[in-house]
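Asker: Listed here are the chains, written in short residue letters.
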Amino acid sequence: MSASAVPSRVGTLPPLPDEQYGKAYDEMFSSRDVARAHYQALQRTLLRLDPEELRRSQQAADLTFLQEGITFTVYGSKEGTERIFPNDLIPRIIPANEWAQIERGLTQRLTALNLFLRDIYHEGRILTEGIVPRELIYSCKHFRREMRGINVPRDTYVNICGTDLVRMPDGSFAVLEDNLRVPSGVSYMLANRKVLKRVFPSMFQDYGVWPIDHYPQALLATLRSLAPENSPYPQDPTTVLLTPGVSNSAYFEHTFLAQQMGVELVEGRDLLVHDNVVYMRTTAGPRRVDVIYRRVDDDFLDPLCFRRDSILGVPGLFNAYRAGNVTVANAIGTGVADDKAVYAYVPEIIRFYLNEDPILQNVPTFLMSDQKQRDHVLGNLEKMVVKAVGESGGYGMLIGPHSSQQQRDDFRARILAEPRNYIAQPTLALSCAPCLIDGEVESRHIDLRPYILMGEKVTLVPGGLTRVALRKGSLVVNSSQGGGSKDTWVLRADDGDGRAPKLADVAVKGLNGKGGAGSVATSGAGS
Amino acid sequence: MRPPRNYFVRAFKRDAGMLSRVADSLYWMSRYLERAEHTARLVDVELQLWLDQSPEAGAGRWRFLLEALRTPAAQGPIDPTVLVDSLVFSRRNSSSIVSCIATARENLRHVREQCSSEMWEQLNRLYLDVMDSRPDARPEESWMLKSHGFFRAVQEGAHLFQGITDGTMSHGEGWQHIQLGRYVERADTLACLMGTHFKRTNMSADLAADQVVESAEYLEWVGLLRACVAFEAYCKAHTAAIRPLRVADFLVLNPEFPHSIRFAVDRVNAALHVVGDLTERKAKTPTRIAGRLRAQLSFSSIEEIMAGGARAYLENIRSECAQIHAAIHQVYFDYAIEGELAS
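Quick note, the sequences are listed as chains A and B, same order.
Residue numbers for the first sequence follow the working numbering, beginning at 1 and rising by one.
Residue numbers for the second sequence follow the working numbering, beginning at 528 and rising by one.
Note that these hints are calculated values from the structure, not bench results.
Cβ coordinates follow ideal geometry from the N, Cα and C atoms, glycine included.
Do not rely on the hints blindly, as some may be mistaken.
[To be verified] Label pairs and their in silico Cβ distance ranges:
1. B:Thr695 with A:Ala60: 21 to 31 Å
2. A:Pro232 with B:Ala822: 35 to 45 Å
3. A:Glu229 with B:Arg815: 36 to 46 Å
[As the list claims (entries may be wrong)] Output of the computed footprint for chain A on chain B, the stretches with three or more beta carbons under 8 Å from beta carbons of chain A:
4. 636–642
5. 779–791
6. 794–808
7. 856–866
Based on the sequences and whatever the hints tell you, model everything.
Answerer: Quick look at the structure:
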């Protein structure tokens, strides 16, 4: 990176001089000097800004995060385990047409995965027909035999999903991971927007950006729509958020969501089960609980049924669940569908249940249980990303190009010992976007995690968490591994000019009923 | 036809009460903070009295201090620096000032989203300040002499927290549990402190006669008043002539002074009534016990109390406090679920 890439020169900024970013898709520039249509207004704003002001704004933003305690916990590090999630001020912009495709693609994918989960926990048609090998499912760490034959409300197993998308060098989006268990990060999506609006209102001026503030309401509505039929108040179910407790890495998010939804934040010891009904212990006596938004993994939910040494869970919860007296969201056993080896079959799963072609592609994936694929991967380890199938959060990963010989040998041994437990993918050139690094604008790799809610209906809040690999050249965006995040804008228009008359209609319908083209752009920036 | 009487109420259920764990944490947070403040004040006063004293009188004093703080004393001679260290900084003593503040903070940390952020920030700041002033590196002697500033900071930090709590938190059920914790602890510590004091001063003759105390005992009684932040308030009511009977009356039965037993018990009572109403609990054991204690204090005279044995009276207050605590715990925090659902 040329050292003098200061913000004032953003317009002529050579964004991709670096070898490492050469192959990647650039979110902002279509060629060396020309910004894409939907980034042009942002480019003009950045050019207008004094570099000093940009720096001050970044400081103001960091301070806000610190003061509001928007932090996460890092496991396994000795010094202070609470950190701020680094935030980058330059937004990532997605035009309307691209978002529409993402929306359709994710809805299709999640619909199919829910049908898949219902199927494998009931008839198992897809296994009988040999589309997905039976042993793959039954050997999956997150497959729960206990769920066989249990019906879940509205037949949706995955109610809250945060799919990781990456953009391929050709500009198309592909799914990197389906996070179907307890995806986190949505609070950062909301916090990024709030902070950016506060420190940089001017950036919003030229854009019609869809608001995302209604996410907590949408989440609550989704949870409430899952009330069990046996509830004495099906119209007004008591909903709680179950957290593992203060030492969990996402505890901030749990408190934040509980507060925003206006529901109780409970720990396992607050809940108890009597006659297959779940109650929470309040000072006014036991209060019946209908819907549990759990942020606790399956393993720890119920010591009578899953891990016996768990003290985070609620003894008897599973029986209450089986009796249909309480809803647990996401359902138990969804992890089987985001197993990284099952992931390879998702395109087939979509074709099987929906009879459609997948809208969003998979990333090419090699299964280590297959002899031929394994040999290929072991011969090219330095070019591959190897992942343990049941892990998440960037733990248990080998990044071939950035690994040492010893690490590769280590993984080779592990793969050979437990082939079913690993998959490999070619190292992807994630797309890159301009970020503010130490007061200068530089390119960094990013991905995208939109959040999908599925209850009575499917809700996608137009936005998501764009994670940034802050280390130069790094491909790892996980917060636990030195990643940061930035605000994600979904535009009402294709080209970023929110004042196009055609789009005013969309805004009028969608937002406040006020006509006039000018109100579109301001409604995104205001409030 | 008219709908049944509570038809509209029943269309939406009413959510009375709060999570027991949260109430429990708030209650204990408040108790620990009150205890830290009390200990700070008491040790501060003792250290100042120590300066005025002949060395031989010292040893006995420390035992009384330990007793007044409900801390079991070790056998053998007591080294004042070690003793103060164990009362102030030791983490092995769960009632030392540092332990109390750390525990209070830990309790609040678990229910952070239930209190205002200002409250959390203040308690956290107090905790960090206290941790910072540990004299590990410094010679302890000089710390003892300069300790007044430290004890003041603890008391002020606690007062500030109390003010922030009153000013920024909804005075709902959670706030009432904070009141309960503070005043149950206060009634108990006051009763204990006064019991110890009566034990060490030769009181009976003076008390009965309502005499002004001799200069030798004068400092003790002023110390007691100071330990209850009551010296100035007492002087306003009874002038600076220290009469033990009036001091006892003031600290036990005065309804207006915040560090009297009567005042604390009144507050416990009021808070229990509000909590009882808010939670619509049928079981009223805590209210009953607290009401009984309150009536006892309202209709006693100090002469009767002295005639019947002041120490026994104070012991009884402490046992009632323990019962109130147990009843609160049992009714609101840790009830048996089967019994609740059956009724």
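Asker: What hint numbers does the structure not satisfy?
Answerer: 5
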